[in-house]
Structure formats: C-alpha cells, structure tokens
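**Q** Note that the protein sequences, when read in sequence, are chains P and G.
For the first sequence, position 32 (counting from the first letter as 1) is numbered 31 according to numbering that gives the first Met the number 0, and the numbering increases by one without interruption.
For the second sequence, position 39 (counting from the first letter as 1) is numbered 38 according to numbering that gives the first Met the number 0, and the numbering increases by one without interruption.
Source of the hints: derived by calculation from the structure; they are not laboratory data.
Computed from a predicted structure; not experimentally measured.
Among these hints, one or two may not hold up.
Claimed, not checked - Computed far set for chain G versus chain P, every beta-carbon distance over 12 Å:
#	residue
1	F11
2	L16
3	S22
4	V76
Said to hold, decoys possible - Pair by pair, the computed Cβ-Cβ distance ranges are:
#	chain 1	residue 1	chain 2	residue 2	range
5	G	A8	P	L103	26 to 34 Å
6	G	V70	P	A149	36 to 44 Å
7	G	V70	P	H67	21 to 29 Å
8	P	F117	G	A14	37 to 45 Å
9	G	M0	P	L18	19 to 27 Å
10	G	R60	P	G101	40 to 48 Å
11	P	M145	G	D35	21 to 29 Å
12	P	L20	G	R60	23 to 31 Å
13	P	P34	G	M0	29 to 37 Å
No residue lacks a Cβ here, since even glycine has one placed at the ideal position from N, Cα and C.
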Amino acid sequence: MNSGMSLIVRTVTRLVYGLALVFGFYVIMHGHLTPGGGFQGGAVVASAFALLLVAFGAAGIKGRLNHHLLQTLEEIGALAFLALGFVGIGTAFFYNLLANSGSLFGGPVPLGPNAGVFNAGGTLPLMNWAVGLKVMTGIAAIVIAMLIGARKEETE
Amino acid sequence: MKKAVILVAFLFVGAFLLLAATSMRPFGEPAFADMDDYFIANTQVEVAANNAVTAVVFDYRGFDTLGEATVLFAAVVSVLALFRKLREDET
Numbered sequence: 000m001n002s003g004m005s006l007i008v009r010t011v012t013r014l015v016y017g018l019a020l021v022f023g024f025y026v027i028m029h030g031h032l033t034p035g036g037g038f039q040g041g042a043v044v045a046s047a048f049a050l051l052l053v054a055f056g057a058a059g060i061k062g063r064l065n066h067h068l069l070q071t072l073e074e075i076g077a078l079a080f081l082a083l084g085f086v087g088i089g090t091a092f093f094y095n096l097l098a099n100s101g102s103l104f105g106g107p108v109p110l111g112p113n114a115g116v117f118n119a120g121g122t123l124p125l126m127n128w129a130v131g132l133k134v135m136t137g138i139a140a141i142v143i144a145m146l147i148g149a150r151k152e153e154t155e
Numbered sequence: 000m001k002k003a004v005i006l007v008a009f010l011f012v013g014a015f016l017l018l019a020a021t022s023m024r025p026f027g028e029p030a031f032a033d034m035d036d037y038f039i040a041n042t043q044v045e046v047a048a049n050n051a052v053t054a055v056v057f058d059y060r061g062f063d064t065l066g067e068a069t070v071l072f073a074a075v076v077s078v079l080a081l082f083r084k085l086r087e088d089e090t
C-alpha cells in the first residue's frame, strides 16, 4: 500500500483539497459576476481531484471516485446544457429567455459599475452549473482512467 | 547540418514575427470595435449580467460553447474507450 507520495504531500493535500473545491465551486457559481465560469471552475475542481489522485495513488481513492458515476454525471451536464440552449428555441437557439423575466435568475441589473446582483443573468448561471458539472467530472474521469491505465502498464 | 537548418528556419520565422510586430496597431485601438462597443453597452440591459465575457460565451455565442462542450465530451469518451482494455483487467 505504498502507491501514493510522501507524508508531507499527503498532509498538504488534506489541507488544500477542501480549499480548492470551495474555490472551484465559487468560480462556477459566480460565473455571471466575476471572472471565470463553468469551464474554469470545473477545471479547478478537477485539479483538486487530480491532486487527490497523485497524492494518494489509484489504490488510495479506490471506491471513492467511481469513473462510471463520473461519466454519467458528465453526460447529465452535457444534456442539461443542451436543454438550456433549447429553452429559448421559440425565438432562437440559445436565446436567453429567463433574463429580465422576474422569475428565477431574472432580476434586473443596474447600469454601470455595481456590486453585483446574484439573482440575475437568466440562463447564464444555470448554464455555468451545467458546464461546470460537465467539465469537472469529464476531466476527473480522464485523469482517473489515464492514471489507472498507466499504473496497470507499470506493473505488467 | 541539421542544427544549421533549424537555426535558419528559426531566424526566418523570427524575422517574420518581428516584421509583423512592428506593423501592429497601437494597444487599445482595434481596427473594428463595433461589436465590442455593442457588447459593452448592451450586456447589462439584455443579458442582465455584469460579466460581459460570460454573457458572450453563454448567450451571444452559445452555439460556439456547445461546440466546445462537444469537443470535451468527445475527448472524454475517446480517452475512456482507449483505456477500456486496461481497466477491464483490473475489475
């Protein structure tokens, strides 16, 4: 059971892992207010998964990150993004139907520089979450598959 | 001989890049700014989002983002298909 890295790396990973997850989800959730968005935040969350994999090895995370589940979640994210694109099909593909509608995420935004309104942006936050889910699970599945494949080749 | 060829090619491409750099427009004065001005002026009204970049990526050019997502999906599927044989032995 010595597949991971040294004790120092494991301890630092335990400290940094949660912070990286929180930062990634923050970037995804505030994609319509601050720099970043679904792709960037998803990459940050996937990097936290990759850190876990490198520090503890493929054996250390066995059963906790299931690549079948990750693949399914990636497909759900892709389908949700496509469905959100079809929401405004009455006007045009990817038309932002929810913006300024007064319903969910339909709040108005004052003109010019402002502190930021979270309940605004129409379909943008929903699309950010869909793409964020897709990117984080997709890259995590790639990293897990490649790591397990490389380990398998090493031992053969 | 090989190193000389590489050096000549490097200098050739570098000279072209320097030539192009000298004839660049000054910073902050793009040739066509109509689209940028439209996005900056109308993003907060039309999309109700402060982040104009996200508004362009997910609203004005959402179809382009769908293509990006499709590329990532194809990459994930192909990697998992490529390493499928190695994983089957383990489980």
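**Q** Now, for every hint given, state plainly whether the structure supports it.
**A** Right, here's what the structure says about each hint:
{"no.": "1", "hint": "F11", "in the structure": "36 Å, holds"}
{"no.": "2", "hint": "L16", "in the structure": "29 Å, holds"}
{"no.": "3", "hint": "S22", "in the structure": "31 Å, holds"}
{"no.": "4", "hint": "V76", "in the structure": "8 Å, violated"}
{"no.": "5", "hint": "G:A8 to P:L103: 26 to 34 Å", "in the structure": "57 Å, violated"}
{"no.": "6", "hint": "G:V70 to P:A149: 36 to 44 Å", "in the structure": "24 Å, violated"}
{"no.": "7", "hint": "G:V70 to P:H67: 21 to 29 Å", "in the structure": "22 Å, holds"}
{"no.": "8", "hint": "P:F117 to G:A14: 37 to 45 Å", "in the structure": "52 Å, violated"}
{"no.": "9", "hint": "G:M0 to P:L18: 19 to 27 Å", "in the structure": "54 Å, violated"}
{"no.": "10", "hint": "G:R60 to P:G101: 40 to 48 Å", "in the structure": "26 Å, violated"}
{"no.": "11", "hint": "P:M145 to G:D35: 21 to 29 Å", "in the structure": "40 Å, violated"}
{"no.": "12", "hint": "P:L20 to G:R60: 23 to 31 Å", "in the structure": "29 Å, holds"}
{"no.": "13", "hint": "P:P34 to G:M0: 29 to 37 Å", "in the structure": "49 Å, violated"}
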